[in-house]
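**Q** Those protein sequences? They're chains F and P, same order as listed.
Be aware that the first sequence starts at 70, since it is given in my numbering, and climbs by one per residue.
Be aware that the second sequence starts at 3, since it is given in my numbering, and climbs by one per residue.
The set of hints was computed from the structure by calculation and includes no laboratory data.
Heads up, a few of these hints could be off.
[Stated by the list, open to error] Each computed EDC-like pair below joins lysine to aspartate or glutamate, with the alpha-carbon atoms no more than 20 Å apart:
id: 1; chain 1: F; residue 1: Lys151; chain 2: P; residue 2: Glu184
id: 2; chain 1: P; residue 1: Lys324; chain 2: F; residue 2: Asp431
id: 3; chain 1: P; residue 1: Lys107; chain 2: P; residue 2: Glu259
id: 4; chain 1: P; residue 1: Lys107; chain 2: F; residue 2: Glu171
id: 5; chain 1: P; residue 1: Lys324; chain 2: F; residue 2: Glu277
id: 6; chain 1: F; residue 1: Lys290; chain 2: P; residue 2: Asp414
id: 7; chain 1: F; residue 1: Lys365; chain 2: F; residue 2: Asp188
id: 8; chain 1: F; residue 1: Lys151; chain 2: P; residue 2: Glu180
id: 9; chain 1: F; residue 1: Lys365; chain 2: F; residue 2: Glu149
id: 10; chain 1: F; residue 1: Lys365; chain 2: F; residue 2: Asp355
id: 11; chain 1: F; residue 1: Lys378; chain 2: F; residue 2: Glu354
id: 12; chain 1: P; residue 1: Lys107; chain 2: F; residue 2: Glu280
id: 13; chain 1: P; residue 1: Lys107; chain 2: F; residue 2: Asp188
id: 14; chain 1: P; residue 1: Lys153; chain 2: P; residue 2: Asp166
id: 15; chain 1: P; residue 1: Lys107; chain 2: F; residue 2: Asp355
id: 16; chain 1: P; residue 1: Lys324; chain 2: F; residue 2: Glu354
id: 17; chain 1: F; residue 1: Lys151; chain 2: F; residue 2: Asp337
id: 18; chain 1: P; residue 1: Lys107; chain 2: F; residue 2: Glu127
id: 19; chain 1: F; residue 1: Lys143; chain 2: F; residue 2: Glu181
id: 20; chain 1: F; residue 1: Lys290; chain 2: P; residue 2: Asp64
id: 21; chain 1: P; residue 1: Lys324; chain 2: F; residue 2: Asp178
id: 22; chain 1: F; residue 1: Lys361; chain 2: F; residue 2: Glu149
id: 23; chain 1: F; residue 1: Lys415; chain 2: F; residue 2: Asp431
id: 24; chain 1: P; residue 1: Lys200; chain 2: P; residue 2: Glu139
id: 25; chain 1: F; residue 1: Lys239; chain 2: P; residue 2: Asp313
id: 26; chain 1: P; residue 1: Lys200; chain 2: P; residue 2: Asp189
id: 27; chain 1: F; residue 1: Lys266; chain 2: F; residue 2: Glu149
id: 28; chain 1: P; residue 1: Lys153; chain 2: P; residue 2: Asp228
id: 29; chain 1: P; residue 1: Lys107; chain 2: F; residue 2: Glu149
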Amino acid sequence: MKFIKTLSATTMLALVATSGAALADDHMASDMTLVSWGGAYQASQIAAYAEPYTAMNEGVTITWDESSAEAVAKLRAMNEAKNVTWDLVDVVAADALRLCDEGLAMEIDPNEDLAAAPDGTSAEDDFGDLLVSECFIPQIVYSTTVGYRSDMVPAGAAAPTDICALFDTKTYPGMRSLEKRPINNMEWALLCDGVAKEDVYDVLGTPEGQEQALAKLGTIKDSVIWWSAGADTPQLLADGEVFMGSTYNGRLFSAIVEQGQPISMLWDAQVFDLDGWIIPAGLPEDRLARVKDFVKFATDTQRLADQSKYISYGPARASSAPLVGKHASLGIDMAPHMPTDPENSKNTFLYNYEFWADYRDDIDAKFQAWLAQ
Amino acid sequence: MSDTTDGLVLAADGRPLKQSLRRALLRQKIRALMLIAPLLLFVVVTFIVPILSMLFRSVENDIVPVTLPGVVTELAEWDSSTGEPPSEEVFRNLYIDLFKASEAKQHTRLGTRLNYEQTGLSSLFRTTGRSLDDIGEEWQDPLEDIDANFKDGAFWFEMMSGSDGDTFLEQRRDLLAEMIGESMAGDVGFVPSEQVAKMLPWTSRAYADFAIWTAIADNDVVAEEDPWEAVYGALGMDLTSPDTISAIGSYSGPGAEALQAAVANLDHLPQDGFREAFAAENGDWVSPDVWATIKLYSPSVTPGYFLNAIDMELTPDGIEQKPENEQIYTQLFIRTLIMALIITASCIVLGYPVAWLLANLPMRTSSILMILVLLPFWTSLLVRTSAWKVLLQQQGVINEILVWLGFVNDADRLILMNNATGTVIAMTHILLPFMVLPLYSVMKTVPPSYLRAAKSLGATNWTAFWRVYFPQSVPGIGAGSILVFILAIGYYITPEIVGGTSGVFISNRIAYHISSSLNWGLAAALGTILLIVVLGLYWCYDRIVGIDNVKLGG
């Protein structure tokens with residue numbers, strides 16, 4: 070009897086203690102699990118967002134999970150198991166769109182959930198067109214672009230300045246590396262097959278246009294190594310396996326500037342894409358409160374500008390652009406390495422989310438069948 | 003003979019011996035079952051259940067009938083071969099079903115599902131979902147102009163409420179619960195009126211959906227909330243029916259005045275139906291192709307995924323082969339099987355001599371050799387595959403050496419990876435231990451005296467090996483081959499890294515559909531076919547070689 074009394078007393082005490090702790094914390098959970106890509110990108114997020122946040126909020130612990138590449142599938146599985154263990158997930162915009170469609174991500178109200186710019190511009194206007202889905206909180210603009218070995222440019226030929234150098238194996242012999250999916254490659258192929266930039270998606274929406282793009286890619290099919298991880302192209306370039314190849318601009322930046330490889334950037338027809346956060350749907354209240362608090366902090370003007378000290382991706386807020394400074398350890402000016410820099414963005418594409426959401430399955434089937442031929 | 007009663011043998015405790023024995027045996031069985039229970043449970047939970055759920059997922063298609071119940075029922079009467087879009091009735095059901103689905107965020111899931119079958123449906127559902135409010139407002143605005151009472155949530159609540167419409171409410175509740183896959187149990191705080199439900203059938207459905215959603219999902223009080231735009235649209239539907247108009251004429255319950263005012267001002271309401279309203283949002287809604295797809299995939303079980311997995315498709319005219327430029331899976335299945343066979347064969351060729359050495363060298367040397375076999379086995383798969391990348395690439399170690407030795411011209415270096423060769427080389431190396439170890443353990447049991455006996459009886463080295471030694475090592479080859487083949491057929495990391503385009507397996511496509519395209523139904527169908535192929539091959543193996551002839555050890 071006495072034992073039971075003691076036991077229930079301890080339980081009560083524990084209950085009081087936990088509810089007391091929760092009260093002290095404004096009903097916010099003290100742990101958060103953030104999901105990101107690992108590597109240099111995650112490191113830049115830790116340095117720019119997570120460390121300042123934990124310094125401001127004693128007792129908050131942040132756990133990182135490097136699962137962004139499989140985030141959509143994992144989140145769906147968690148949702149089916151009714152046990153979502155993630156609090157905030159870093160995904161590319163196309164995935165955010167799909168998660169939103171599937172009801173796996175929470176819709177946000179930009180003006181309420183995100184901080185306004187220092188000059189008072191509302192978050193909605195500050196992010197502008199980059200709010201491509203109701204669930205998506207943009208962080209950075211990155212681009213898929215082409216790098217080439219500057220020391221392997223054939224004698225007598227000028228260094229390539231045009232995306233169509235990819236298809237010009239006469240002037241620029243050697244292997245190319247392209248991503249093993251239709252997105253970006255199909256656009257570049259049409260562009261270099263005489264289709265005007267503004268017509269690319271109209272043409273690509275027709276079976277004839279898809280044939281045309283594959284036929285153009287077919288002219289270099291024998292000289293292409295198809296990659297599926299972002300690290301492949303920089304490695305292939307460094308080994309001299311390929312003359313030129315597509316990858317994310319930040320990967321090329323680190324190969325060129327941090328590792329000093331003889332690689333140059335070909336910004337022409339770079340394809341802008343976005344990366345940002347989504348909040349999983351159905352979080353319990355205390356965790357949601359904590360996440361919202363973090364997101365508001367981590368996506369304000371200064372924090373987004375801070376991230377560009379560590380990695381060459383452009384901040385998604387208009388108001389952050391003037392604050393982009395120097396690289397944290399190399400001390401070089403980061404602005405000229407940003408995909409959004411006027412000098413680099415003379416000819417660009419913005420990833421067409423609606424188009425690819427519709428055509429992805431169809432064109433991918435054709436692309437894979439074409440690859441296998 | 004001990005005590006016997008009526009011819010029965012009794013045990014010491016006086017029970018019949020038979021019964022006593024049975025009890026003892028049962029107890030033993032239960033004890034044995036308890037011992038294996040953890041394993042059994044583990045196997046059921048982690049193996050049997052996932053496989054069954056995979057089988058189920060490959061044919062399951064609940065999402066269409068559950069999200070668009072009204073449409074599916076109504077669409078049964080539509081004939082896709084006429085080339086005409088379905089009737090106004092279907093579009094009215096579409097509006098009611100889709101509105102509720104978009105409140106529950108289910109319409110985009112449906113769009114994604116149907117987009118696997120027809121390109122463009124994903125954005126059709128997504129963009130239409132955003133403009134459902136606008137469609138309803140075409141009726142809401144004039145109705146509110148006719149009678150300001152229509153603006154008031156409490157007025158609607160009073161008009162729609164009654165005391166006898168429980169069954170109707172439960173029907174709507176079940177439909178909603180099925181759609182979102184969760185229970186919608188709880189007090190709605192609203193009971194529909196049977197009389198109004200008869201008079202205004204569409205409006206009652208829309209209002210009941212609104213009431214249930216407001217009360218259960220949003221935790222709000224129904225009477226205090228303004229109804230969905232869909233309720234106004236539904237009232238517009240009802241006001242086109244002569245039965246409803248005559249019923250309103252003789253109706254005197256709550257809201258009678260407002261309804262009669264609406265009837266008197268029918269010319270203020272939009273004259274077009276919902277078909278026109280949807281067509282104005284997106285022309286695809288009146289495309290017979292879109293409706294043919296929805297109709298084809300309206301049953302809750304579909305062979306569609308399996309047909310896709312063998313490069314066929316479901317069309318209104320029956321099952322057809324896909325166009326040539328979209329055929330991929332049959333080719334990949336065949337390639338996977340052929341390459342797995344090549345890998346198994348190269349493992350036998352390379353592994354057999356190694357296993358023979360291991361079994362026949364003196365202990366000291368053979369244990370060093372054993373470590374050499376096991377060392378790569380203990381190294382991470384990714385590390386080994388990446389190491390092969392360094393060796394095999396065109397500027398890699400092997401090519402450099404060949405060029406340096408002058409065997410190969412610098413201009414045409416060998417292409418050893420990003421093709422089938424790369425996959426075969428890397429996977430043979432990775433799977434080799436699975437061949438060597440069973441072979442070794444079988445060869446260990448072959449007494450060396452047999453070979454000596456054969457030779458002393460005049461056999462040549464070859465005859466002695468081929469007629470005496472080899473037949474005894476066949477069970478090892480069998481076991482190793484099954485292991486290597488079945489592991490190879492499911493590999494996907496190594497082909498992904500070194501396989502390029504011509505060296506990838508079917509599992510790479512399965513992984514793509516699981517993690518990237520999210521078409522889990524197709525992935526499940528592909529996985530099921532792969533499972534069936536493996537079982538089929540196992541059966542053939544059993545018939546030809548005999549599974550009793552397989553040994554993993556002495």
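**Q** Evaluate each hint against the coordinates.
**A** Hint check results:
1. F:Lys151 / P:Glu184: Measuring from Cα to Cα gives roughly 11 Å; hence the hint holds.
2. P:Lys324 / F:Asp431: Distance ~12 Å between P:Lys324 and F:Asp431 Cα, so the pair holds.
3. P:Lys107 / P:Glu259: Roughly 36 Å between the alpha carbons, so the hint for P:Lys107 and P:Glu259 is violated.
4. P:Lys107 / F:Glu171: Roughly 8 Å separates the two Cα atoms, so the pair holds.
5. P:Lys324 / F:Glu277: holds (17 Å)
6. F:Lys290 / P:Asp414: This hinted pair holds, its Cα atoms lying about 17 Å apart.
7. F:Lys365 / F:Asp188: With Cα atoms ~16 Å apart, F:Lys365 and F:Asp188 stay inside 20 Å; holds.
8. F:Lys151 / P:Glu180: This hinted pair holds, its Cα atoms lying about 17 Å apart.
9. F:Lys365 / F:Glu149: This hinted pair is violated, its Cα atoms lying about 29 Å apart.
10. F:Lys365 / F:Asp355: Holds, at about 16 Å.
11. F:Lys378 / F:Glu354: violated (34 Å)
12. P:Lys107 / F:Glu280: Not satisfied, since the Cα-Cα distance of roughly 36 Å exceeds 20 Å.
13. P:Lys107 / F:Asp188: violated (36 Å)
14. P:Lys153 / P:Asp166: Violated: P:Lys153 and P:Asp166 sit about 26 Å apart, past 20 Å.
15. P:Lys107 / F:Asp355: Given pair P:Lys107, F:Asp355 is violated - Cα atoms ~24 Å apart, limit 20 Å.
16. P:Lys324 / F:Glu354: Distance of about 49 Å is beyond 20 Å: violated.
17. F:Lys151 / F:Asp337: Measuring from Cα to Cα gives roughly 45 Å; hence the hint is violated.
18. P:Lys107 / F:Glu127: violated (37 Å)
19. F:Lys143 / F:Glu181: Violated, at about 28 Å.
20. F:Lys290 / P:Asp64: Answer violated: F:Lys290 to P:Asp64 is near 41 Å, above 20 Å.
21. P:Lys324 / F:Asp178: violated (44 Å)
22. F:Lys361 / F:Glu149: Outside the cut-off at roughly 24 Å; violated.
23. F:Lys415 / F:Asp431: violated (31 Å)
24. P:Lys200 / P:Glu139: Judged against 20 Å, a Cα distance of about 24 Å means the pair is violated.
25. F:Lys239 / P:Asp313: violated (38 Å)
26. P:Lys200 / P:Asp189: violated (23 Å)
27. F:Lys266 / F:Glu149: violated (42 Å)
28. P:Lys153 / P:Asp228: OK: P:Lys153 and P:Asp228 at ~7 Å, within 20 Å.
29. P:Lys107 / F:Glu149: Holds: P:Lys107 and F:Glu149 sit about 16 Å apart, inside 20 Å.
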